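Trainee: Residue numbers (the working numbering): 1 to 99.
Calculated from the structure, these hints are not laboratory results.
All the pointers check out, no bait thrown in.
Just the calculated beta-carbon pair ranges, DEER-fashion:
1. R99 <-> G38: 34 to 44 Å
2. P73 <-> R94: 28 to 38 Å
3. K13 <-> E36: 19 to 29 Å
4. A95 <-> D6: 18 to 28 Å
5. P71 <-> A95: 28 to 38 Å
6. L96 <-> D32: 16 to 26 Å
Here the structure is a predicted model, which is why all the values come from computation and not from measurement.
Here a beta-carbon is modelled for each residue, glycine too, at the ideal position from N, C-alpha and C.
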Amino acid sequence: MSDLVDRARDALKSVVDPEAGLNIVDLGLVYDVAIENGRLVALITFTTEACPVGPRLAAEAERALAAVAGPAPVEIRVTFDPPWTPERITPDGRALLGR
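All chains should be modelled from the sequences, with the hints used to inform the complete structure.
Mentor: Here you go:
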């Protein structure tokens, strides 16, 4: 994994889902971070398709990526395939939630 991808994943940890009180990486909402044709791309999801904070999370994720991308353009892609489930929460996320 590249240094930029690592820094991008770390930056995405600054984006917190206010309903869960957990960052989107540990909540399991970040499916992938990659560099595609010079563009820093994050593939994310929300806990439901009707997530009321979805647009806010996507905008915050885009800002977080832009902060580490330097001159590279950034893109947030939202998918619901596969749908999010609580099993996607990382071990760190489970610890933070007390599970």
